[in-house]
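One point on numbering: in our numbering, the residue at position 106 of the sequence shown is 95, and numbering is uninterrupted.
The hints are simulated quantities; they were obtained by calculation from the structure and are not laboratory data. A portion of the hints provided could be inaccurate.
Stated by the list, open to error - Here are the computed lysine-lysine pairs in the BS3-like style, where the Cα-Cα straight-line distance is at most 25 Å:
{"#": "1", "residue 1": "K126", "residue 2": "K103"}
{"#": "2", "residue 1": "K103", "residue 2": "K51"}
{"#": "3", "residue 1": "K126", "residue 2": "K51"}
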Amino acid sequence: MPKINVYLSDELADAVKQANLPISAICQRALEQAVRRVTAMHESLHDEVNLEANVQFSRFTKRAQTIVSLAVDDARADNRPATTADLLAAMVDENENLALRVLRSMDIEPEELKAALAARHARPAEPSDQHYEEALKEALRLAVTEAMSLGHNYVGSEHLLLGLIAEPAGSAGHQLRSAGADLRLTRRAVAAVLAGWAARNETAATPTADVVTALTSAVREQLQPITERLDRLEQRLA
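Please put together the full structure from these sequences, using the hints given.
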């Protein structure tokens, strides 16, 4: 039977030992459940990518659905497949999503990303009957996987952002990574933003400018040790 290593923090490993938990059985059950959920969501995504019938993605939030629809509509206006660049541009145009807060917390300006993509990547002139380019299909699948890895049963704009970064071939992912949106760093930023947002929603019915500013500061504080470590590594390699 194949063996898969599971790495735990020292604190968690000690707690597991003290509780005398059956690690192998628990991990196997958890992995089986995760595989079933991810497979079901991927199959649902494959079935629901039916633009002619205008079927929405059942696990996507309404905001994520809006972003995908904006990307598809823009591409269809030019009679071409929707691309990862279209999805990122739609994310910026929607303008109210959590993904943009994540990017800004990392000192990445979304409008500049959109402008850079528009300047560097010309749209194909040939018409096509394909709805999505392959890179965008993969980015959407990866968005589902990223959502599941964070323990979420929905796909939001933040997961779309992670999917774009994780997908290696698309122009949007290349532009995001070039701007400093490393996948691990962005995952941490997403987790920090979600945690901060949930905590602040307990004390404020609607997000004020002060709350958003405080949230951004909290995320940057969380990311500071990582950026400092990367700076030191770059200095050593220079």
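Pairwise hint evaluation, K103 against K126, where the allowed Cα distance is 25 Å at most: This hinted pair holds, its Cα atoms lying about 20 Å apart.
Verify the proposed pairing of K126 with K51, using a straight-line Cα cut of 25 Å. Status holds; Cα separation ~19 Å.
Decide if the proposed pair is consistent with the structure: K103 and K51, CA atoms, cutoff 25 Å inclusive. The given pair, whose Cα atoms are some 22 Å apart, holds under the 25 Å limit.
In summary, the structure agrees with every hint in the numbered list given earlier.
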